[in-house]
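Chain by chain, the residues run as shown.
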Amino acid sequence: MSVRRLAKDQPDSFDFSKDTLKKAQWWIAKYPDNRKQSAVIPLLWLVQKQEGWVSEPSLRVIAEMLGMPVIRVLEVATFYTMFQLSPVGRVAFVQLCGTTPCMLRGANDLNSVLKKKIGEPHHLSKDGNFSWEEVECLGACCNAPMAAINDYYYEDLTPQLLTQILDDFAAGKSPKPGSHIGRKSSEPKDAVHTLTDPKLYDGSAAKKIVIPNLPPKETNPKKAPAA
Amino acid sequence: MPIAKVNGVEVEFELGMTVLQVAELAGEEIPRFCYHERLSIAGNCRMCLVEVKPGPPKPQASCALPAAEGQEIFTSTPMVKKAREGVMEFLLINHPLDCPICDQGGECDLQDQSLGYGRDDTRYEENKRAVEEKYMGPLIKTAMTRCIQCTRCVRFITEIAGNSEIGLISRGEDVEITTYLNAAVTSELSANVIDLCPVGALTSRPYAFEARPWELKKTESIDVMDGLGSAIRVDSRGLAVLRVLPRVNDDVNEEWISDKTRYAVDGLQRQRLDKPMARDAAGRLRPVSWGEALDIAAAKIKGAGSKIGVIAGDLQDAESMKAAKDLFGPLGASLDCRQDGSGLGDGPRESWLFNPTINGLDQADAVLIVGSNPRLESPVLNARIRRQWMAGKLTVGVIGQGGDLTYDYEHLGDDAAAVSGLAKSKSEFAKAFKLAQRPLLLIGQGALLDAGSLAALSGLVKAFNLVRDGWNGWAVLHTAASRVGGLDMGFVPAAGGKTAADLVKKGGASVLVLLGADELDLSKSDAFKIYVGTHGDAGAHAADLILPGAAYTEKDGLYVNTEGRVQMGQRAVFPKGVAKEDWAILRALSERLGSALPYDSLDQIRAKLFADHPTFGQIDYAPGSKPSSVDLTKLGDAKVASKGGYANMVTSFHLTNPIARASVTMAECSALASGTKMAAE
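Residue numbers (this note's numbering), protein chains in the order written: chain S, 1 to 227; chain H, 1 to 681.
Any given hint could be a false lead.
[Unchecked claim] Below are the BS3-like pairs computed for lysine-lysine, each with C-alpha atoms no more than 30 Å apart in a straight line:
| id | chain 1 | residue 1 | chain 2 | residue 2 |
| --- | --- | --- | --- | --- |
| 1 | S | Lys36 | H | Lys300 |
| 2 | S | Lys8 | H | Lys134 |
| 3 | H | Lys81 | H | Lys53 |
| 4 | S | Lys8 | H | Lys431 |
| 5 | S | Lys49 | S | Lys8 |
| 6 | H | Lys393 | S | Lys30 |
| 7 | S | Lys176 | S | Lys8 |
| 8 | S | Lys36 | H | Lys128 |
| 9 | H | Lys505 | H | Lys302 |
[Claimed, not checked] Using C-beta positions, here's what the derived DEER-type ranges look like:
| id | chain 1 | residue 1 | chain 2 | residue 2 | range |
| --- | --- | --- | --- | --- | --- |
| 10 | S | Lys208 | H | Asn127 | 50 to 60 Å |
| 11 | H | Asp362 | S | Ile211 | 50 to 60 Å |
| 12 | H | Glu10 | S | Gly203 | 55 to 65 Å |
| 13 | S | Asn108 | H | Leu97 | 29 to 39 Å |
| 14 | S | Glu120 | H | Leu239 | 57 to 67 Å |
| 15 | H | Asn127 | S | Asn108 | 50 to 60 Å |
| 16 | H | Cys99 | S | Val3 | 24 to 34 Å |
| 17 | S | Gly203 | H | Asn7 | 56 to 66 Å |
| 18 | H | Gln437 | S | Asp19 | 47 to 57 Å |
| 19 | S | Leu214 | H | Leu181 | 52 to 62 Å |
| 20 | S | Asp19 | H | Cys99 | 48 to 58 Å |
[Stated by the list, open to error] Only some residues are given here: those of chain S computed to face chain H with a beta carbon under 10 Å:
| id | residue |
| --- | --- |
| 21 | Val3 |
| 22 | Arg4 |
| 23 | Arg5 |
| 24 | Glu56 |
| 25 | Phe79 |
| 26 | Thr81 |
| 27 | Met82 |
| 28 | Thr100 |
| 29 | Val135 |
| 30 | Leu138 |
| 31 | Cys141 |
| 32 | Leu214 |
Hints were generated in silico from the structure; no laboratory data involved. We treat Cβ as the ideally placed atom computed from N, Cα and C, and that holds for glycine.
Isolated chain H (complex conformation) (with noise of 0.2 Å):
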């Protein structure tokens, strides 16, 4: 590898470094703005500038300066010194001096890169650049004075986002960045811009003049608005979750999360169920104790026998769902993590996992999307395609609605024989899916409804050799953060046991225990309904009993995201009231009901989890494609005919959980972007 000095000190990197890099490598700070990892070189800031031999006797910008071998970098001269004071300088001739009303103060690149990189004294004395206002939507909050045009959110919004909406307008001193027209962002990864802004330009609007970050507990969890289980950050001050930001996690989300996982949580002071509640003679649910909560609940259960259901949310953490599977499970009660009816569950693990890992997406070659619309199930997840199909490396077939996917597909068709056809298929798509090295079938839940599509997707595996040496295309995508947990600890009808569509119809039983269940039509149901959850949602308004649980900010659990990944969420805020952790909740029940759970803590409930499912205790690892020979060609029945067309599952991005249908900002995100409200109103 070629040798470069930093100031002095020797230093190896990979050809193509740029002087930026390799001057980190040597571990010096390089200041800059414009500069991010993850999107294209501008090198319009100037803040990186440093001096370079052989090379002009000039300070050069090294993000975007090739290192060379034999090169010398000095970061630290006084021509080094004076270049950074003389930029700093020019970027703060029209930045306003509203650090204390800005947003951004605290976190502030600009502030920080001044204290450390400026001049300490003033020479300004004319006035400052106005820019007008700028409206980019509900969740970007504008001050475009402050604006120093890196140009960053316009890179992320077309080259990662993939909807070109934000541009740089006019030229010189007269630029501003702005959508077209005033209107709102719509992409679903929009108010990532606002970690990339170094400046208080765009902030985040829901967020507006809450906090100051040094006054913010910060607590690393996991996300669950969808199965990607992507890194956060919760940050809560007293009772009350503030915000959320991204965690770097490479594996997964990279840095960016989508705006429901990051402006969901105001839902969480919303709607919140904060005391049991017992529905009474005249049908209106009253507040009780949790005494008499448990004791109605325990008479109940001992009298339904085994005409029990027990159904999981999509939140649910996989504590929960053991309490649950170990309490239920003896008494012979129907479980069911399956709200949506995915027919995923027999079979090998393999059969519902993202088999080639997330990561893997960055091989792929060619991927066949099913039943699934990503840009809205999982909007990161959806960006590494893009990425790939923008170096150019990747075809992309789509059979199901398709959509906007922010980058070009084949269409195919929209069921099961279509999935069928395609190995005889002439299309362009399936000629590149046959030749493909890495080929991924990405499977959404909407062609999984019925075991003649499963039946005809496992076809695919043998006709496409899909499962081959050192790669495993079967993907399946969920979309609820607790599937791939229930699924690996089996929490589904055990033979002979009820579904949780056939759990809901009338006389499908006598109790039905919904763990945050808010998806299902319960109308039809004649049950006795205990909810143990958080919102006041479609399963608390038909329950009988209410017994509030912890939402995943205000708890400590487990969450397996679609690639298998098993991931620890961790506890930010207390549960609102007096509600409980839904694992302690089912652990008193237990006691009513005479068969105690064998675990007081939490440490205990998960030794009983690792030792009974120990996939379980693989933390942070996604078994990924496994040389072993996996069988996923024989899934399903190719007897059940299939049903029609896919429709995609998520049709309203904003609005797919409890948590996020009680929020004020997704209610406001789900109008404009379904077109009852108009942008600037």
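One chain only, chain S, in its complex shape (with noise of 0.2 Å):
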């Protein structure tokens, strides 16, 4: 993780779509009036969803809607990883995660196919329809190695496949999310050869459990005389 910084060109102003405003005064409507601030992390999503970043002047407009100081409102968004603070890929947003068991399975050679392909991480390419950046662990590991792309996971990925998503992507079509060599979440790869004793799932083997240190339970267990 590198300084996180506003991005150096921002658009001169920001304003909520009609869409946006009524989901972020549906947001502001759940907190007490003075407790509006709590808000403020759904409505920097908000703005992300809208804009695909978050801008300066949306930091201003979503201080102002919550009465809150904007400094607060810029702390939240430079803590956050997830709100980007300069623009990203209109078509698609590459987020490649290069934790441990990714790496293991070869997210170092899908960073060498989106460097390729879009160039530097926390760049636009040259047309301003893909950028990337790597990512700590998003949570997929068994489906190792993935990337999230947009709002949704792709998963166990080879540098072919990652370059077919990406094409699909800039020819205008939707790749479907979820793994890519054709199994359901994350189940086995392979055949199933563990869990496979049906005594696991008729109670069968389950033994009793001793919960220790509990105090002795009482057989006959009266009122406790009023102190």
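Hey, can you piece these two chains together into the complex? The hints should help.
Written as structure tokens, this is what we have:
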């Protein structure tokens, strides 16, 4: 992770779209009037959904909307790495997982693919359609290596598959998210070898659990005398 | 009271205290960076680790741990020592080794504590983290690589100053203290973060690379920049005052001072009057000797009969006003210490005091601010109002211009009609004011300019029962440090005398003696003007004769603050050039006039002052709310029509007196505040 800064080139202003504004008001209404600032994270997220990233003018708009100092909004926006502080690819924004399981399963190769096809991380491609960054674990280690593209996880990737997916995006298609080697969510990759014993599922294998250090059970609980 | 053991010694403590406070009660020193008594607890520096039994077998942060009955606290076990060494090592990992070029050197918490609690050797090989430089305005110099992220500055600006302008952005190793997009901090109390910063990340910009603390002579004195009389320490080297720092006085300023108090002192080196000057035939001011100057003054005064006016300025010490009163009073001169035209001065002493006392603000539950912007007139006092408001114990109403006061209030109008109408008002605030146990009527000078307004305010005393048993809610906030002293000794026109405003009119007086009076329009006056003062400001420009006096850092003087507390200022440096202390100038002049004043030393003039006006003898005593039945209901004159909307008397916070106007730093702040200069310019 590097120092998070607002982008150098900023738009002059920011306006909520009608739809986003409605959602924003729904969030704000969830909190008491004097605790409106609780809605700052949902609002930042809505801005990002609308614009693709969080711009400086939008921070001011949010601060005014929630009646909070703009520095507090900036603190939140810079704290959470999920908020993009500079523009991201219009068509596809790739967040490649580079943490250990994915790295062991070939994330470094995917990294080179992205570098070749899109360019340096945190930079827009020349046409502005693509950008990418490496992120920490996205919690889909069973399906390593993987990348999150826009809102969805693309799993069990290989350099060829990732190239194909990016090409599909470039061609205006929307590739199917999920595993790309045909398995369902995170089920075993090949034949199932473990947990096949039916006894596991009919309750007969269960042992009685003894919780340590519990006080001895009173056989005949009496009402305690009033102190 | 519960009892805990600190290193085996039993200590009684109050419920709600933290382990750190209990350890301090026992006399143990606990190192800390982020913890500060007057700020909220953050618990993020981990320097205050101690061992506590019962509890988990690991060191605990004492600043955030509530003390409990029967607790055993250990502050010097091997575990604690090791923990502190570890924390200190972590803090120093990224702290640059630039103490020799750091302005905090010599008064740095990190330096002191690493000496006291750190390891004696280093194990660092990695590169240190670098942080981009930040801008925080003309007062706060930043070196953010030195920051240890204690967040004291963030908490101070947010909680006490009330402008949330400083924040901690990013996370983890990358966190940075900054303002929003490097904007200048606009709070009037902003420079207190420099004192709070335990390292050299935030240092004083005007004082940058000026001196080391051990080179400075420290003089404990009293501030004169506003009516509060904050306790200050004046640090000087040779003839120059290099900086002003706050002293702790829980009754007045706690441990904060305003930016003006702290930074107007560079004005003491500029525009100074250092030799007597007289206007020659061509209309130019020429230097003259003291002998000549006093002869000219004596001749003019003798020829003026009783058509003499004496106006005392806002920074005047009590001694010089006393000398002026003793000298010119018997000649039949008109005396006035109210340059702004305030109508106070008749009536009981309580009518011009901040009777509830500044400490009393902590008990007030409803405050009505009339004709004042306390944020500009007394930022430190305003912080107290804000604290009480933050605690949810205070309702605030404003009659006057209002503005951003750093707390919410109900605006009830801006003139005398709103004041007199309050009793019948159906507003939320009027209800709260009526029900309040401790209602406080904060009166600014803006609401005291005519007798009609004073009468309207006086009417509130009865309507809202402001003076009750053990509480006097009549609170006048003065903007001038000299004012209460002047009123206490009766430095006001005698019956038939002329006020300051009348004296400066054409034909108002034959001789006008200006004791540091610079806030008046002297262009109409045709009097012979004798200016006794320190700076080449409005008064000196118009003067025909200049007698150079001593500024507040250059003389011992008594000042009475807005609550009637008499405080003693001390001399830190000598007056400039051949300038003399003001009372001594008047004493010398009295000799030439053939009516020598009966005192030859400061002790003697003080003895005379205490004898004539006993209130001055009670040093550091604020009378406060006496149960005696003071009648404040009949002040002013209801028949006089009030002059419409109340304007705030202080519009430009940074430029209220000649010292501040001569200050380069204040000029810069003022330009920034008024928007004529952009922040990062």
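Right, here's what the structure says about each hint:
With a C-alpha separation of about 70 Å, the suggested pair Lys36 of chain S and Lys300 of chain H falls outside the 30 Å cut-off, and the hint is violated. This hinted pair checks out: Lys8 of chain S and Lys134 of chain H have alpha carbons roughly 16 Å apart, not beyond 30 Å. Distance hint between Lys81 of chain H and Lys53 of chain H is fulfilled; the C-alpha atoms sit about 17 Å from each other, no more than 30 Å. Distance check on the hinted pair: Lys8 of chain S and Lys431 of chain H sit about 52 Å apart at the alpha-carbon level, beyond 30 Å; violated.
Of the pairs offered as hints, the one joining Lys49 of chain S and Lys8 of chain S holds, with about 21 Å between alpha carbons and a cut-off of 30 Å not exceeded. Using a Cα cut-off of 30 Å, the hinted pair Lys393 of chain H and Lys30 of chain S holds, with the two alpha carbons roughly 27 Å apart. As the CA atoms of Lys176 of chain S and Lys8 of chain S are separated by approximately 35 Å, the hinted pair breaks the 30 Å bound. For the proposed pair Lys36 of chain S and Lys128 of chain H, the alpha carbon gap of about 40 Å is over 30 Å, so the pair is violated.
Between Lys505 of chain H and Lys302 of chain H the CA atoms are separated by roughly 21 Å; this keeps the pair inside 30 Å, and the hint holds. A hinted range of 50 to 60 Å holds for the C-beta pair Lys208 of chain S and Asn127 of chain H, which are about 58 Å apart. Checking the proposed 50 to 60 Å range against Asp362 of chain H and Ile211 of chain S shows it holds: the Cβ atoms sit about 53 Å from each other. Separation of Glu10 of chain H from Gly203 of chain S is about 59 Å and conforms to the stated range, judged on CB atoms against 55 to 65 Å.
Between Asn108 of chain S and Leu97 of chain H the Cβ separation comes to about 38 Å, which falls inside the hinted range of 29 to 39 Å. Range check, Glu120 of chain S to Leu239 of chain H: about 60 Å between beta-carbon atoms, so the 57 to 67 Å window is met. Range check, Asn127 of chain H to Asn108 of chain S: about 25 Å between beta-carbon atoms, so the 50 to 60 Å window is missed. Under the hint 24 to 34 Å, the C-beta atoms of Cys99 of chain H and Val3 of chain S, about 25 Å apart, fit the expected range.
A C-beta distance of roughly 58 Å is found between Gly203 of chain S and Asn7 of chain H, which places it inside the suggested range of 56 to 66 Å. A hinted range of 47 to 57 Å for the beta carbons of Gln437 of chain H and Asp19 of chain S is consistent with their spacing of about 52 Å. Between Leu214 of chain S and Leu181 of chain H the beta carbons are some 59 Å apart, a value that agrees with the proposed interval 52 to 62 Å. One distance hint, 48 to 58 Å for the beta-carbon pair Asp19 of chain S and Cys99 of chain H, holds here, with the actual separation near 57 Å.
Look at Val3 of chain S: its Cβ gets to within about 5 Å of chain H, closer than 10 Å, so that hint holds up. For Arg4 of chain S, the suggested interface contact is upheld, since its CB lies about 5 Å from the closest CB of chain H, less than 10 Å. The beta carbon of Arg5 of chain S comes within 8 Å of a beta carbon in chain H, closer than 10 Å, and the hint placing it at the interface holds. Taking 10 Å as the C-beta cut-off, the interface hint given for Glu56 of chain S holds, the closest approach to chain H being about 8 Å.
About 5 Å separates the beta-carbon of Phe79 of chain S from the nearest beta-carbon of chain H, less than 10 Å, and the hint is met. Restraint check, Thr81 of chain S versus chain H: the minimum CB separation of about 8 Å is within 10 Å; hint holds. With 10 Å as the threshold, the beta carbon of Met82 of chain S stays out of range of chain H, its nearest partner Cβ sitting at about 12 Å, so the hint is violated. Hint status for Thr100 of chain S relative to chain H: violated, with the closest Cβ pair at about 19 Å, above 10 Å.
At about 14 Å, the closest approach between the beta carbon of Val135 of chain S and any beta carbon in chain H exceeds 10 Å, and the interface hint on this residue is violated. Taken as an interface hint, Leu138 of chain S does not check out: its beta carbon lies about 18 Å from the nearest beta carbon of chain H, beyond 10 Å. Given the 10 Å rule on beta carbons, the hint for Cys141 of chain S is violated: about 22 Å separates it from the nearest Cβ of chain H. Annotation: interface hint on Leu214 of chain S violated; nearest CB of chain H at approximately 22 Å, more than 10 Å.
The structure is inconsistent with the numbered hints 1, 4, 7, 8, 15, 27, 28, 29, 30, 31 and 32, although it conforms to all the rest.
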